[in-house]
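Visitor: For reference, the chains in residue letters:
Number of protein chains: 2
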Amino acid sequence: MSQQTQQKPSAGDEGIVSRAEDYGQWYLDVIRRAQLAEHSAVRGCMVIRPHGYAIWEKLQRELDDRFKATGHQNAYFPLFIPLSLMAKEEKHAAGFAKECAVVTHYRLKSVDGQVVVDPDSKLDEPLVIRPTSETIIWDTFKGWIQSYRDLPILVNQWANIVRWEMRTRLFLRTAEFLWQEGHTAHATQNEALEETWRMLGVYADVAENVLAVPVLQGRKTAGERFAGAVETLCIEGMMQDGKALQMGTSHYLGQNFAKSSGVQFLNKEGKLEYVYATSWGVSTRLIGALIMAHSDDTGLVLPPKLAPIQVAVVPIFKTDAEKAAVLQEARRVHDELKAQGLSVKLDDREGLSPGAKYYEWEGKGVPLRIEIGPKDIEKGSLCLVRRFVSDVAGETDQARRKRAKSFLPRAEALAAVKPLLDQMQKDLLDRARAARERRTRVIDTIEDFERFYKNEGGGFAWVHWAGDAQNEDEMARRFETSIRCIPLPEDIPAAARGEGKCILTGKPSSQRVVMAKAY
Amino acid sequence: MSQQTQQKPSAGDEGIVSRAEDYGQWYLDVIRRAQLAEHSAVRGCMVIRPHGYAIWEKLQRELDDRFKATGHQNAYFPLFIPLSLMAKEEKHAAGFAKECAVVTHYRLKSVDGQVVVDPDSKLDEPLVIRPTSETIIWDTFKGWIQSYRDLPILVNQWANIVRWEMRTRLFLRTAEFLWQEGHTAHATQNEALEETWRMLGVYADVAENVLAVPVLQGRKTAGERFAGAVETLCIEGMMQDGKALQMGTSHYLGQNFAKSSGVQFLNKEGKLEYVYATSWGVSTRLIGALIMAHSDDTGLVLPPKLAPIQVAVVPIFKTDAEKAAVLQEARRVHDELKAQGLSVKLDDREGLSPGAKYYEWEGKGVPLRIEIGPKDIEKGSLCLVRRFVSDVAGETDQARRKRAKSFLPRAEALAAVKPLLDQMQKDLLDRARAARERRTRVIDTIEDFERFYKNEGGGFAWVHWAGDAQNEDEMARRFETSIRCIPLPEDIPAAARGEGKCILTGKPSSQRVVMAKAY
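These protein sequence lines are chains E and V, in that order. Counting in our numbering, the first sequence runs from 3 upward without gaps. Counting in our numbering, the second sequence runs from 3 upward without gaps.
No wet-lab data here; the hints were simulated from the structure. Do not rely on the hints blindly, as some may be mistaken.
Same chains, same names: a pair is fine if it fits in one copy or spans any two.
In silico SDA-like cross-links for lysine to any residue, where the CA-CA straight-line distance does not exceed 25 Å [claimed, not checked]: (1) K456 x L410; (2) K93 x K111; (3) K307 x A406; (4) K325 x Q148; (5) K307 x A71; (6) K420 x R435; (7) K60 x Q75; (8) K261 x Q219; (9) K60 x Q242; (10) K70 x R333; (11) K93 x D122; (12) K347 x D432; (13) K60 x S345; (14) K307 x Q75; (15) K340 x Q472.
Go ahead and model the full structure; you've got the sequences and the hints to work with.
Guide: Here you go:
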């Protein structure tokens with residue numbers, strides 16, 4: 003039967019610091035052990051390793067299918083934005099000015115055997131590397147839009163963008179990152195607003211039903227708005243340390259970019275009008291959310307829908323005779339699960355012990371492992387090992403590991419895999435939701451607020467708010483918290499409904515907002 | 003029955019110049035009419051419009067599936083390459099120096115209301131925007147490779163790259179373009195060489211069986227090699243004007259990049275050795291190949307395997323009663339074809355005549371159109387119109403259009419669609435192959451060579467060659483031709499086999515090469 007030998011980590015793999023000990027280091031350790039990404043030779047830029055990229059590919063597919071189902075088409079716009087174009091929408095330019103990488107030359111040359119930038123190749127106009135593409139896209143839309151018949155335009159772009167960052171963290175904040183940016187053009191404000199909310203809904207759907215991370219949906223305050231937007235909507239998730247992570251934004255841009263780019267259309271009444279716009283985006287940051295929301299002190303935990311490998315089949319044998327029989331059965335199990343449409347990996351690598359293989363697949367977050375040894379063949383059974391099971395208070399690590407294991411007759415086991423994975427997907431969401439509830443408070447006084455963040459670990463605080471931008475700054479200075487979102491009235495839980503007084507200023511407030519520390 | 007009203011092009015769409023009149027302009031006209039791409043506000047950079055991007059997505063899928071089937075995984079490496087890293091492999095740096103866009107600053111600021119590059123944000127080390135990623139990837143591989151157990155590494159990256167170009171042409175040559183670049187690391191020269199040829203084979207397979215463009219496979223001469231490669235292999239297609247287009251390259255890099263990046267591994271004998279490398283890539287240039295190989299004076303022609311819309315269903319009606327019946331039937335036909343796994347578009351747009359719709363789908367290269375009118379419903383038949391039919395000498399345009407149409411009983415028609423599309427895919431390849439044969443000559447004297455290119459339109463010339471780089475330059479000066487590839491001995495057609503004398507120098511030559519003018 004499956005030998006549960008505890009395997010020493012191989013050289014260069016020093017294990018994982020626990021969350022309790024050092025949450026920040028734990029995050030980096032999980033990434034290293036799962037081989038998701040690493041720092042590169044370029045300050046602030048990461049290399050996304052194959053396992054990390056495979057998760058991104060699955061997530062892309064989930065998002066892209068939903069974008070297409072809501073009528074969007076993909077397109078591609080230039081990496082470069084001429085400085086003069088970037089500068090057209092004033093607030094937008096001001097908002098991104100401090101993080102723009104700029105191309106100024108287009109040639110290298112060799113001087114005394116040293117490769118240098120050729121000073122004679124200076125560009126007449128510097129080119130900004132897109133930090134987002136509104137300006138170049140609206141310059142293009144100008145040529146596509148004459149009348150209301152040309153609207154709506156619903157495009158999306160999968161691309162890399164660059165926002166120069168001084169303090170970076172793998173996936174969560176890097177100078178270059180991968181994302182998608184939707185850009186739409188509409189004949190009416192209503193239609194544009196509907197689109198803005200529709201895409202927020204798509205993001206919330208993916209967050210909850212694919213990433214298994216419950217999110218709050220709502221509006222940002224003026225100070226947190228996208229530079230150039232009239233309204234910014236967001237989804238906010240909670241990480242295991244109680245901090246919020248903004249997981250996606252959807253912007254109603256009004257006519258701002260149409261005006262700065264001069265994009266008018268002839269409406270049904272035959273009058274010239276400026277076009278209404280939206281933009282919306284999510285990025286590789288979502289992989290950071292995934293890690294921080296679900297992983298444990300053993301390593302990465304993946305929702306089955308995003309697992310590049312959903313099931314790892316590990317053969318166990320000692321003698322040559324056992325090897326032949328076990329490998330044959332392992333291959334059969336692999337093939338039968340693959341025929342069910344699952345992503346299965348038969349781990350028949352030589353020279354690695356079963357324990358070393360368990361260690362690797364656990365660290366990489368593979369949801370289900372099937373161990374097959376000579377006794378399993380004899381009994382006609384299979385041993386299914388779940389990567390995680392729901393928490394039971396006070397349970398020992400050994401008891402938990404035992405509970406994660408099921409021995410089932412072969413046919414029953416094979417039929418159980420899909421429902422088990424579905425259940426695990428659901429369990430992850432439930433677990434994350436319960437964790438959020440435990441760290442959510444309805445708070446009415448600044449003293450309780452202070453205690454929540456200073457003594458009780460913090461989390462999401464539903465508080466009444468009627469302050470201004472200066473008051474928001476004060477809260478940030480005193481508690482390192484910010485308003486994560488102004489929820490929709492209908493999404494406010496019963497206990498947090500009704501009018502009240504601003505937690506800081508005491509002014510009357512019609513509705514609570516959600517405050518938290520954030521990444 | 004289908005009304006074949008000749009529709010005037012809408013405003014802004016001035017039709018297409020014929021290939022005979024102006025091949026270069028025809029190419030741009032086809033792209034404009036099919037809405038594949040356009041120039042952007044950034045010199046040399048293009049916008050890939052949704053229809054163009056959808057073709058790229060289908061091509062990506064075909065390539066990516068084959069990369070994964072041959073054991074490769076996707077990953078992502080930084081856009082930026084520090085200048086010092088770029089400079090490490092000398093020949094590589096020299097080869098790309100003249101086309102490198104360089105980031106020198108990372109911030110903008112406002113001076114007297116003008117947005118400018120902040121001179122205080124100058125980078126200590128300039129960053130080159132990747133023109134290709136060998137240097138940054140091998141710098142990363144250094145951390146991944148210690149022993150032969152870590153090999154091979156088989157990764158691929160889908161990315162944008164920038165090569166500063168002075169004379170650009172949509173898809174064929176732009177400053178920024180999209181591509182994939184495979185990078186592999188091996189323990190032995192043999193294994194790396196096998197990989198180099200294997201991926202060339204994958205490219206040839208996609209070119210012929212997906213793009214329907216027949217290609218020659220072979221080696222490049224030293225002068226045409228990738229900067230830093232030991233050997234460059236290529237596939238070369240022929241466009242309708244007889245010019246060659248390099249459609250993909252696969253490089254054997256030897257130990258050059260391992261040496262410049264210091265990547266050694268402990269081999270099975272326990273000795274340190276430098277790692278062997280390959281890299282290989284194809285780009286959005288393939289869409290240019292597609293257009294130039296197949297399209298006609300009406301517009302884009304697409305191989306069914308890459309058509310974002312394979313079948314357009316166009317309803318035809320006059321009265322409201324007809325409309326209801328026709329739309330219902332059109333929807334049914336749409337649904338039944340979709341259930342077959344085909345990409346179908348039901349064109350039920352209001353306010354557009356059927357003729358205008360035909361015009362649009364023909365220009366966009368949709369392989370098959372189904373016209374449905376009241377009489378078709380009455381007869382229980384459908385009218386299938388192919389985008390192209392094989393050529394018949396001397397046929398009038400009207401006769402050809404008639405031949406492209408089939409009236410079939412409904413069930414028969416629906417069953418015929420898939421085989422018809424498969425046949426069209428095959429016909430396109432056959433047509434392109436026949437066109438290439440017509441413009442291919444085995445040539446033995448420089449006089450015949452000159453006549454071929456100056457009087458007979460040119461094409462591929464199989465000639466004996468024993469010249470050096472200077473001789474190649476002379477051929478380029480005199481005839482604008484270059485050696486497109488040195489084919490494998492076994493791929494040389496019977497008529498071109500055997501030894502002979504170099505067409506320029508008269509020196510003995512053991513094998514012919516293929517010369518042509520090229521894009």
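Visitor: With identical chains, the pair K456 and L410 could be close in the same copy or across copies; at 25 Å between alpha carbons, which is it: within, between, both, or neither?
Guide: Intra 49 Å, inter 78 Å, cutoff 25 Å: neither.
Visitor: Given identical chains, is K420 near R435, meaning Cα to Cα at most 25 Å, within a copy, between copies, both, or neither?
Guide: Answer is within; shortest intra-copy Cα gap is 23 Å, inter-copy 48 Å.
Visitor: Should K60 paired with Q242 be assigned to within, between, both, or neither, using CA atoms and 25 Å as the limit?
Guide: within (23 Å within a copy, 40 Å between copies)
Visitor: Reference check for the pair K60 and Q75, CA-CA at most 25 Å: within, between, both, or neither?
Guide: both (19 Å within a copy, 13 Å between copies)
Visitor: Please work out whether the CA atoms of K347 and D432 approach to 25 Å or closer within one copy, between two copies, in both situations, or in neither?
Guide: neither (28 Å within a copy, 41 Å between copies)
Visitor: Classify it for me, K60 with S345: is the Cα-Cα distance of at most 25 Å met within a copy, between copies, both or neither?
Guide: both (11 Å within a copy, 22 Å between copies)
Visitor: Should K325 paired with Q148 be assigned to within, between, both, or neither, using CA atoms and 25 Å as the limit?
Guide: The answer is neither: 71 Å in one copy and 29 Å across copies each exceed 25 Å.
Visitor: Using 25 Å as the alpha-carbon threshold, which applies to K307 and A406: within, between, both, or neither?
Guide: within (19 Å within a copy, 46 Å between copies)
Visitor: For the identical chains here, do K340 and Q472 meet the 25 Å Cα criterion within one copy, between copies, both, or neither?
Guide: Close neither inside one copy (58 Å) nor across copies (57 Å); limit 25 Å.
Visitor: With identical chains, the pair K93 and D122 could be close in the same copy or across copies; at 25 Å between alpha carbons, which is it: within, between, both, or neither?
Guide: Cα proximity of K93 and D122: across copies only (22 Å, versus 34 Å in one copy).
Visitor: Quick one: K307 to A71, C-alpha cut-off 25 Å, is that within a copy, between copies, both, or neither?
Guide: both (19 Å within a copy, 22 Å between copies)
Visitor: Since the copies are identical, ignore which copy is meant and state whether K93 and K111 lie within 25 Å (CA to CA) inside a copy, between copies, both or neither.
Guide: between (38 Å within a copy, 13 Å between copies)
Taken one by one, the earlier hints fail for this structure at numbers 1, 4, 8, 12 and 15, listed in ascending order.
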